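For reference, the chains in residue letters:
Protein chains: 2
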Amino acid sequence: MPNNSTALKSLDVCFTPELLHLHHLSNKAVVVVDILRATSCMVTGLAHGASYLVPVSSIEACRILQKSGYVAAAERNGEKVEGFDMGNSPFEYQKAGLSGLPIALTTTNGTTTIEKSLGAAEVLIGAFLNIASLANYLRKSEHEAVLIACAGWKGDFNLEDTLFAGALALALEADFPAVSDASLAAKYLYKAAEPDMFAFLEQSSHYKRLARLNIREDIRFCLTPNVYTNVPVLRGERLVNHQIIKQTV
Amino acid sequence: MPNNSTALKSLDVCFTPELLHLHHLSNKAVVVVDILRATSCMVTGLAHGASYLVPVSSIEACRILQKSGYVAAAERNGEKVEGFDMGNSPFEYQKAGLSGLPIALTTTNGTTTIEKSLGAAEVLIGAFLNIASLANYLRKSEHEAVLIACAGWKGDFNLEDTLFAGALALALEADFPAVSDASLAAKYLYKAAEPDMFAFLEQSSHYKRLARLNIREDIRFCLTPNVYTNVPVLRGERLVNHQIIKQTV
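Protein chains in written order, with my numbering: chain F, 7 to 255; chain U, 7 to 255.
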């Protein structure tokens, strides 16, 4: 049956979790994005065989899960927290040793944004690393509306999450028209940055914060499209890879 | 004496009043902007001889001031509220009959943003209509930091206020460097829109809302730079024109 409902579909962008209360979530697929680096790490960890991920807001909760057998990752202000197995570098999530294990993680902005998105019809995890698969998943889904929830930086707008929002909005343009001012701005900014996102972000505040921490390679990796094909989705408290079920036509 | 403190100066952009709590205001000149159309009206009214303007949040407060002799302007959702002398069109503020009279006004977004800016070192009113004079005032002022507070639309980001923020950030670039991600984004968007702001905004949600109300001429006027040279500033509860005091060198 042809899909005649495209005209009703829509996409919007929320620049920071501080503005999520302005949106109705219950009828929307919310794509949480924290490019540098929480959601890039989540996609990477699940692509490399972690059985599931549990995002938690506090360091305390993360420590409790660590004691009960989780591989535990904690980051604050861009740096790994003392006493945890991992910080917030996607390269740490590529280690073969994680295969089959559950991961608990807490990050400055990303996990809070997931928590604030819990009223959504479905919560998905987006990154440049899986953008084509994610767009494909949304196109084939029955969702009428998509909201891209940028994690930002401590409540404020940031560029890297906005660029991702613009890229995903453009990828989904034919299926989910995006007409809000935030989505128009995100699309413009992505078009301006696309020829060299790394150079574009070198001016940004978060790049400067992270560059001081010597993680240019992390940034380059997090800006690479389609390294992975998995689509993490929240099921209860756990992020797992969406299982693609082949449908008969 | 040459000004050696430029390196310490800074400018930032706040996309909506919902994010103002993320900023320290007490050491900043806050420029409130609601291009379509509250701050454009304020600049126009004071340029045309209104003695002062009192912005109020509620329609009730506006009505009380009307009864005590103010010319009263009230707008909600883009339309004039029944029973008031004016709505939110800058052309209404050009009437000769306003000369020497005080105006009370309440609007959907602009007056709320002024109220949330009250902790600032100084609250100024910005619009394309007075952008060069405003930039000049800030350059010559002793303010170390400028925050451009966009009124947005019902708490959310909007394009027209962001374009103004980008234009003012560019005009002040040599004096107040702007490095936050929000100010970078605003500058990019203004550069993209500058050749034809009217065409750029035709895609935006607020344009569409207002175009339905048949006020294309209002929009064209509000996007015109430097029609006026006055700089409205909040003194107590009143917006008045800044009095330029010529300094001896």
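The hints are simulated quantities; they were obtained by calculation from the structure and are not laboratory data. Since the model is a prediction, treat every value here as computed from it, not as a measurement. One should not assume that every hint holds.
As the list claims (entries may be wrong) - Taking lysine to aspartate or glutamate and the EDC-like style, the derived pairs with C-alpha atoms no more than 20 Å apart in a straight line are:
| id | chain 1 | residue 1 | chain 2 | residue 2 |
| --- | --- | --- | --- | --- |
| 1 | F | K160 | U | E85 |
| 2 | U | K197 | F | E208 |
| 3 | F | K197 | U | E85 |
| 4 | F | K101 | F | E85 |
| 5 | U | K214 | U | E85 |
| 6 | U | K197 | F | E85 |
| 7 | U | K214 | U | D181 |
For each hint, the structure was consulted:
1. With a C-alpha separation of about 36 Å, the suggested pair F/K160 and U/E85 falls outside the 20 Å cut-off, and the hint is violated.
2. Proximity of U/K197 to F/E208 is assessed by CA-CA distance (about 19 Å); at most 20 Å being required, the pair is judged to hold.
3. A hinted pair counts as satisfied when its Cα atoms are at most 20 Å apart, and F/K197 with U/E85 does not qualify at roughly 35 Å.
4. Restraint check: the Cα-Cα separation between F/K101 and F/E85 comes to about 19 Å, which is no more than 20 Å; the hinted pair holds.
5. The straight-line distance between the Cα atoms of U/K214 and U/E85 is roughly 14 Å, inside the 20 Å bound, and the hint therefore holds.
6. Taken as a hint, the U/K197 and F/E85 pair is broken in the structure, with Cα atoms around 35 Å apart against an allowance of 20 Å.
7. Of the supplied pair hints, the one linking U/K214 and U/D181 is violated, its CA atoms being roughly 36 Å apart against a limit of 20 Å.
Hints 1, 3, 6 and 7 from the list above are not met by this structure, while the remaining hints are.
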